[in-house]
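Trainee: Read off the chains here:
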Amino acid sequence: MNQQDRKRTDWSWWHLLFLVQFVAVLWPPFYNTAEPSFIGMPFFYWYQLLWIIIGAILTAIVHFATED
Amino acid sequence: MQDVNWTALIIFLVLFALITWLGFAAARWRKGDLDLLHEWGLGGRRFGTVVTWFLIGGDLYTAYTFIAVPALAFGAGAIAFFAVPYTIVAYPILFLAFPRLWYVCHKHNYITAADFVRGRFGNRWLALAMAVTGIVATLPYIALQLVGLQVVIGGMGISGTGYTGDLPLVIAFIILAAFTYSSGLRAPASIAIVKDILIYLTAFAAVIVVPIQLGGFERIFAAVPPSKLLLATPGANTIGAYGAYATLALGSALALFLYPHSITGILAASSGRAVRRNAALLPGYSFMLGLLALVGFFAIAAGVGELPEFAAGFKQFGNNFAVPALLLHSFPSWFVGIAFAAVGIGALVPAAIMSIAAANLFTRNIHREFINNAPTDRQEAQLAKWVSLIVKFGALVFIVFVPSKYAIYLQLLGGIWIIQTLPSVMLGVYTRWFNAWALLVGWAAGIVAGTAMFVAANLAPTYTLEVGAFTFPGYSALYAVIINLVLTVILTPLFNLMGGRPADETIAAEYRAPLPAA
Chain A
157 MNQQDRKRTD WSWWHLLFLV QFVAVLWPPF YNTAEPSFIG MPFFYWYQLL
207 WIIIGAILTA IVHFATED
Chain B
16 MQDVNWTALI IFLVLFALIT WLGFAAARWR KGDLDLLHEW GLGGRRFGTV
66 VTWFLIGGDL YTAYTFIAVP ALAFGAGAIA FFAVPYTIVA YPILFLAFPR
116 LWYVCHKHNY ITAADFVRGR FGNRWLALAM AVTGIVATLP YIALQLVGLQ
166 VVIGGMGISG TGYTGDLPLV IAFIILAAFT YSSGLRAPAS IAIVKDILIY
216 LTAFAAVIVV PIQLGGFERI FAAVPPSKLL LATPGANTIG AYGAYATLAL
266 GSALALFLYP HSITGILAAS SGRAVRRNAA LLPGYSFMLG LLALVGFFAI
316 AAGVGELPEF AAGFKQFGNN FAVPALLLHS FPSWFVGIAF AAVGIGALVP
366 AAIMSIAAAN LFTRNIHREF INNAPTDRQE AQLAKWVSLI VKFGALVFIV
416 FVPSKYAIYL QLLGGIWIIQ TLPSVMLGVY TRWFNAWALL VGWAAGIVAG
466 TAMFVAANLA PTYTLEVGAF TFPGYSALYA VIINLVLTVI LTPLFNLMGG
516 RPADETIAAE YRAPLPAA
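Here the protein sequences come in this chain order: A and B. Note that the numbering used here has the first sequence beginning at 157, numbered continuously upward. Note that the numbering used here has the second sequence beginning at 16, numbered continuously upward.
Next up, chain A with everything else stripped away, as it sits in the complex (with noise of 0.2 Å):
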């Protein structure tokens, strides 16, 4: 492999994925509500909570997914 066919791009388009996240919790319209609750818990809590676990899965996809 020569110079010329290692050049890399910065950009992947495995990148969009962090965009699902960004959506998903500064939107607050989607989950400011308090039905449908979890064990007692408002949607507005655990719709959060849980957006922590789905994002740091993204992230670790993007990871595996493209080179640093």
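No lab work stands behind these hints, which were simulated from the structure alone. Among the clues, some could well be false.
[What the hints assert, rightly or not] With beta-carbon atoms standing in for the labels, derived distance ranges: (1) Pro192(A) with Ala40(B): 47 to 53 Å; (2) Asp50(B) with Pro185(A): 52 to 58 Å; (3) Ile210(A) with Asn388(B): 27 to 33 Å; (4) Ala91(B) with Ile209(A): 23 to 29 Å.
Remember, it's a predicted structure, so these values are computed and weren't measured experimentally. The beta-carbon is built from N, C-alpha and C at its ideal position, and this holds for glycine as well.
Given chain A's structure and the hints, the job is docking chain B onto it.
Mentor: Frame of chain A, contents of chain B only:
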């Protein structure tokens, strides 16, 4: 005030003695020559993924966070939960920009963000602006860590009249200053591991035990007034609470990794890949922070605000006493000792890293650039050690003599100021398109505009923008950095016309992992 809680106090002191020993012993951990600035101030860039996780986690999720976020939930309700989307969107930002910063800083032995800006844009005044912003934003943050420490010391029933009441705080700080001086970044890195284990233990115990005592989440949330349970639905001509919530989250996330203590934690990693991995692993702390925010509601449900034994604490510390009061109310004394030690040690770790970060900035970007540009390695490291001491004692004097609300105002302003380094640092790792003078003018405009908005909003971080009949309440930091960016983009071609551009000492390949030899 209640009597001294001896069981809690003894456990607190034992744990404190343990971390004091650890702080001094850390000088010999992954041993390096502490007369070199990158050894003292960055731990020799030797921390792998796991230690970096503890270090950055211990650095960002401070004692003040663990006291103040639940206190905000206790007092103001749902808005406090903005800390959750804040930490969710912060990590993609860490992932995208900061491994690049790590690679280029490693290549050129940059120790601060201002070092990088100096090399990238070749303008010492722009680098000075970055350094001063970083130092000024960090100082009140150190002072606030002391507020966290004060609250738990008060919670154990230790009170004195006048300045003798501050004696425990002074002692804790002398210990902190001494081990930071002798061990550098290795001290908070090793202590962070103990601190984080204690914090996780406390958080999970609180989230499991207290709801059982109070009869489940259903009852807890039923006790929260409906007005605090959700964000207020905005009226017809405003984005209302939604705007404030989302912009506080986004603006705080953009500012988070620009703080010098964050950058110090990132640059201390042993590889850019360790930084990337941590972007996926650090949300473990966010989850805990989210759970802790709920503790503010537990405190409402437990009614600690009305209990006579806590009246003095609430009078002295305001809503910040909600968490200590709930812990005292719900747990046996020995566990209270562990939990309070977690918060107390949780104050020392970030305070140490912050003072090291400020010392690195002063030494590299003010002293070396403007005062003595050829110090020996030893002089440079020695100066940084002294500056870290001065910075910490400045914070201590501030918190002892000035009401803590001023530290809080300054810390809020610090967020508005530090985000103004975003175009130079965070966008700078992607592009050299901006003109250094345009960046400097944009930075100044952002600082002035953000400060003016903060003052106009009666010393609050959300400013209400009015466009015709429509209002947009939002985080001033975000509005101000938009002004900064727009101005920088407009002025760049104009300044380019006026004169040549200094050389960029970095090249594109240095922002990525080195390619394996072909």
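Trainee: Please go over all the hints and tell whether each is borne out by the structure.
Mentor: Results for each hint:
no.	hint	verdict
1	Pro192(A) with Ala40(B): 47 to 53 Å	holds (52 Å)
2	Asp50(B) with Pro185(A): 52 to 58 Å	holds (57 Å)
3	Ile210(A) with Asn388(B): 27 to 33 Å	violated (50 Å)
4	Ala91(B) with Ile209(A): 23 to 29 Å	holds (26 Å)
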